[in-house]
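Can you build the whole structure from these sequences, using the hints too?
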Amino acid sequence: MLFHKKLLPLAIAIALGVSSVSMTVQAAPTDASTTATAPATNASRMVALPDFTPIVQATENSVVNIRTEAPVEQRPDGFDSFGFGPNDPDEIFKFFFGPDFPGNGFPQFGPRAENPKRKAPRKDEKQRTEPTGVGSGFIISSDGYIITNNHVVDGATKVIVTLNNSKEYDAKVIGTDKRTDIALLKINAKDLKPLEIGDSDSLKKGQWVLAIGSPYGLDSTVTSGIVSAINRDTGDYLPFVQTDVPINPGNSGGPLIDLSGKVVGVNSQIYTRSGGFMGISFSIPINEAMHVVEQLKATGKVERGRIGVMISEVKKEVADALGLKEDKGALVSNIEPKSPAEKAGIKSGDVILSFANRPVNKWSDLPRLVGLTKPGTTTDIEVWRRGKLVKLKITLDSTKDDKSTASKADSSDDATADTSTVDRIGLSVKSLDDETKDKIRVSNGVVINEVEGDAADMGIQKGDVLVAINDQDITSVSQYKEIIKKLPKDKAAALLIRRENLAQWVTVTPSK
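Letter by letter, the sequence shown follows residues -27 to -1, 1 to 485 of mature numbering (1 follows the signal peptide of the UniProt record, and there is no 0).
These are calculated hints, taken from the structure and not from any lab test.
It cannot be assumed that every hint is accurate.
[As the list claims (entries may be wrong)] Here are the simulated distance ranges between beta carbons:
(1) A429 x G360: 22 to 28 angstroms
(2) E169 x Q445: 52 to 58 angstroms
(3) R472 x G273: 40 to 46 angstroms
(4) S175 x K131: 34 to 40 angstroms
(5) K311 x K464: 37 to 43 angstroms
(6) D206 x P27: 31 to 37 angstroms
(7) T350 x K311: 16 to 22 angstroms
(8) K145 x T350: 29 to 35 angstroms
(9) E286 x Q434: 16 to 22 angstroms
(10) R472 x K145: 49 to 55 angstroms
(11) K131 x K166: 22 to 28 angstroms
(12) P167 x L191: 20 to 26 angstroms
(13) D172 x V363: 32 to 38 angstroms
(14) P310 x R205: 34 to 40 angstroms
All C-beta atoms in this analysis are idealised placements derived from N, C-alpha and C, irrespective of residue type, glycine included.
See the structure below:
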């Protein structure tokens, strides 16, 4: 868990009556010792800094300023008259997730709560509008399509786009996507100069990039820096491009541009404790943004595939016990009834290693890969199960099936009151009865009767169902006893524990 961290969207609210920005600029003192010519022996170490002038001249006319207005009574909760509202710093990720996102560990936020202090207008009262924010955007087509952030235009009743030549246009919001924080606008203009779209997958750490936008309402401001990290996972739906490009409120929705003059990202967030730039900025990869934009342009909305699983991280000790060479993949902890995952044959305790022929390196990769796949698509999925790689086919859907039906399974051969004593891993187990099978939807396993030692420390509880040990399914108490006898001492064993509708691998080291 990260403490004292605030990731802020970069739109800035405008206060009525604020008419100027005061700045003091002071020149640095000159020191003869610092301006002396470097010795010739150091010449080979010197690297010329890039000249951004031609890039800026070629791209700045494609970057726009965006202002928004909304009725006073309906202004977005994220803003107040003098800046960010009281809820924004602590709940800044709300715009990244949909209401039914299935990933374990991902917040499921609903609509913004109504502000109790906000009064509804009288029927005979004419609503007053006022400026609510400033952001940036960039042109992607000659006929007026513009990309910006969702949080720049969210809740606005009027969106005004200003070009670099000071011409203003009322913009139509074609579509928005809160989960990725992307919005597509359209202005009624012709012969505009669009930015060329680059390839964010080709970015490398240390590469020079620059940003153009309207920080604090200062139009066409240019800043530069380097790519600090690729695919930075901040717990969001999308991985980010992290840079040290100075980004400030008002840069939201502006382009991140490489040295070839192509857009490689959409500036979106900063890491800050002060509300201003602190050396860490985050941009949405342009490849991900364009996937969303194409759907918004075609239908005004984004359709995402889903497979109906809950997932968690694959820890190193679990990976070792399961025979995985690396702690990669997404551990399946639960499967929704009648979901694409269940129909495909995925089981709780499986580790998903690839989806659509793309590797799942981190558990947080899977929701993005699934979400980028069109509903109805049939694709390949690879899982690690009981020490073997299993290849399956899965067909994605887009709507959640809330109906839950428990499928009954035949009882095991010795599903009587057979019970073991506390053993080498600190467990006493008993046979799995039909009622428990139906309740938690398992077809095999044994019920935990007593827990001691390391097993208790690892969180195993009485009433849990032990479904498998390492690569073997547990089918009876007698079989369980034989497996426990053969476990090597001082080597962690992986136990697949089922509790209600959740499954989790837990590692326990047997005693002698």
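Structure-based check of each hint:
A429 and G360 have their C-beta atoms about 27 angstroms apart, which keeps the hinted 22 to 28 angstroms range intact. Taken as a hint, the range 52 to 58 angstroms holds for the pair E169 and Q445, whose Cβ atoms sit roughly 56 angstroms apart. R472 and G273 have their C-beta atoms about 42 angstroms apart, which keeps the hinted 40 to 46 angstroms range intact. Separated by about 38 angstroms at the C-beta atoms, S175 and K131 satisfy the suggested range of 34 to 40 angstroms.
A hinted range of 37 to 43 angstroms holds for the C-beta pair K311 and K464, which are about 39 angstroms apart. Take D206 and P27: their Cβ atoms lie about 35 angstroms apart, and the range 31 to 37 angstroms holds. Judged by the Cβ atoms, the range 16 to 22 angstroms given for T350 and K311 holds: they are separated by roughly 18 angstroms. Checked against the hint of 29 to 35 angstroms, the pair K145 and T350 passes, with Cβ atoms roughly 31 angstroms apart.
For the pair E286 and Q434, the supplied restraint of 16 to 22 angstroms holds, since their beta-carbon distance comes to about 21 angstroms. Hint check: R472 to K145, Cβ distance near 50 angstroms, so the stated range 49 to 55 angstroms holds. Take K131 and K166: their Cβ atoms lie about 25 angstroms apart, and the range 22 to 28 angstroms holds. The supplied range of 20 to 26 angstroms is met by P167 and L191, whose beta-carbon atoms lie about 23 angstroms from each other.
Distance hint check: the CB atoms of D172 and V363 are about 33 angstroms apart, consistent with the given range 32 to 38 angstroms. Between P310 and R205 the Cβ separation comes to about 36 angstroms, which falls inside the hinted range of 34 to 40 angstroms.
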